[in-house]
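**Q** Work the whole structure out from these sequences, hints included.
For the protein sequence lines, the chains are A and B, in the order given. Quick note on the numbering used here: the first sequence kicks off at 1 and runs consecutively. Quick note on the numbering used here: the second sequence kicks off at 1001 and runs consecutively.
No wet-lab data here; the hints were simulated from the structure.
Result set (DMTMM-like, lysine to aspartate or glutamate): computed pairs, CA atoms no more than 25 Å apart in a straight line:
#, chain 1, residue 1, chain 2, residue 2
1, B, Lys1142, B, Asp1154
2, B, Lys1207, B, Asp1219
3, A, Lys89, A, Glu187
4, B, Lys1303, A, Asp115
5, B, Lys1325, A, Asp115
6, A, Lys303, B, Asp1219
7, A, Lys294, B, Glu1221
8, A, Lys88, B, Asp1219
Pairwise CB distance ranges, derived in the manner of DEER restraints:
#, chain 1, residue 1, chain 2, residue 2, range
9, A, Thr81, B, Lys1311, 28 to 36 Å
10, A, Val289, B, Leu1019, 54 to 62 Å
11, B, Leu1113, A, Asn223, 39 to 47 Å
12, B, Asp1219, A, Phe285, 27 to 35 Å
13, A, Gly33, B, Val1226, 19 to 27 Å
14, B, Asp1309, A, Glu272, 40 to 48 Å
15, A, Ser224, B, Ser1092, 44 to 52 Å
16, A, Gly228, B, Ile1026, 40 to 48 Å
It should be emphasised that the depicted structure is a prediction, and the values quoted were computed from it without experimental measurement. All C-beta atoms in this analysis are idealised placements derived from N, C-alpha and C, irrespective of residue type, glycine included.
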Amino acid sequence: MERFLQYLFDGLSIGSVYALLALGLVIIYRGTGHLNFAQGEMALFCTYVVYQLGEWGIPIGFALVIGVAVGFALGAVVEVTLVRPISKKSPFAVFIVTIGLFQGLNWLDGAIWGDQILPNSAVSKQANFPTLFPSKDTDFVTILGAAWRLKYLGVLVLVLVLTAVLFFVFNKTKLGLAMRAVASNPESAKLVGIRTNRVLMFSWGLAAAIGALGGVVFAGINNSVNLGLMFTVFIYSSAAATLGGFDSPGGAVIGGLAIGVIENMGAGYFPEWIGQELKLGVALFVIVVVLLVKPSGLFGTAKVERV
Amino acid sequence: MKSLVTIHEGRAANWALRLVAGAAVIGVMLWVPTHGSNPLIDQFTNAFVLMAAAMSLNLLLGYTGQISLGHNAFFGIGAYATGIIVSRWGWSPLVTFPIAFIVAFVIGVLVSLPALRIKGIYLALVTLALGLVFPQFIKWRKLTWLTGGPRGLDNAGFNFSKKRRTYEIFGWNPFGDMRGQGAKPFYFWIAAGVVVITYLVCRGVVKSRSGRSLIAIRDNETAAAVMGVNLAGTKAMAFGISAGLCALPGCVSTILTNNVVPDSTFLSIAGSITFLIVMVIGGAGSLWGPIIGSGLYVFITQKTGDWSDEKNIPAIIRPFFSWAKTSPGTGIFAVTLIALMFVAPRGIVGVWHQHSPRLMRIVPRRAGTGTGTGTLVDTPVDDTVAGEL
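**A** Right, dumping it as structure tokens:
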């Protein structure tokens, strides 16, 4: 029981990071129908920014706000300058552009901050990556014998609160209504006077901002940031989005938590067969099975193709 | 568009042009291993490895329109096929090429089975996951007895215990010095051989009936199916051949370094992305695109490789790159890739096809089986530009 709860807690906490990035993927997919392969790398850039602000002695709460703002700006700029003009050409061109962004942003991080693991004692003043939550070894709560570290628990709470806020925005505000209108039918949305361009720009910005938050909390859990940090997170979160359905934000959150739990349970209960090495295999397996059995995901709407 | 020179296909001028181009290629190929310095030969060899991999991806992505980000896995299958067979069983590395092809072909067909239902961006996702899982899979505890785990396998290349023959014509050795353990020209020729085989297979597929069905699938799947193209079979075939071909440069990479480790560049997801970038920059959906792209890629990464040290950057462009802590090669390619999507989505070859008619136009031979003189209606010579597409 203790073991089960332990894996469950860890899984939920890690899963909430996947949920954040998956939310970003879903928001973009709903708005523009593209899968943003650079989602993880955009988040990574903001994570590095937060690290740098920490180096300059800015407290984490403030740094996080700036990091998320940078994320929003990055997402919006990418949408306006790259994705919007190129999406008129072909979906393949957008795919290539996101791959280019993926490569380019990763290179940019390396060029600015170097390819070592940060923070390290040689170059940085701070000993740990700044976290929002108490992160000493003694900071945990015990539930039925299983320890839940506060920095893990905090991430989960943060994600749940954020999800609630987003749901309010999506369902109860005019902006959310506009976003849903653009997602369901861009032409009609334009006709009733919604500024689709602005909504799309906002969607990309929002997605990148949420991703930035995910990157920062993941680096906090991980206690460091490096160039490869987001590769696997991206795959897990796209598995989460696939599981939940690519057009369902709620599905993305549930999918993210589920993927986190499945991955941790798999690695924990089958250390010989899955273990740490093949954790990623779980993500691949989930993606393939979901796409084959129920391509629209658990909560997504099935797509009808017209010829 | 008025062009300076108009050449009709099959005429003497056309043959002369082909002859000159062929002679230039053969000339370079003979000059490099005999007179080039060792680093130059190395550079060519690396370019060949990348070329073959990019060409195999091109067959799938450029011609069939199936996005794959998992080609590093097929490359790795080739690398490990050679590694395991040579290192564990001591067979000759040359034997491993067909074996690697077959293994990768089978796995490629298996991967294509879900691909028949999964389309576009989802396929990219599945193959991306495959590409990321592959190195982890190699390091898997249960497979260490075979793959050597994270440390990989050693002694996986050629073992030069026997004295090899050299070929000399009047004291001139056309292939370069192939004796000794570190004989660069030997590896040059192996890599070149793989490129030639890959090119011929790609050309054979593309210019045939099956090639036309691949392009039909890329351009409009539904229309292709209506025209009688067997979607499932053709896609599976394209996946299989592409995977099999991608394994061959993998074998070469193992032979080159004499060992294989799961974390080397082309075996990780960076490999897939490199193949993709090279292919798109050169020109997706054209036979020469990946070749030009790879040459350029290796040249630029080689040139910029030591630019992380400020002193090595040429003075004129130093202010642009001196701030970077890593070499700017990857960044240059990423920016080029994005820029190309705006100005020339068909890559360098596309730009050539777009602008070369101003200079020279090759009028293709008229299609059909008639003799051309006895036809009732003498149609004017087709004005389109000859090209791959």
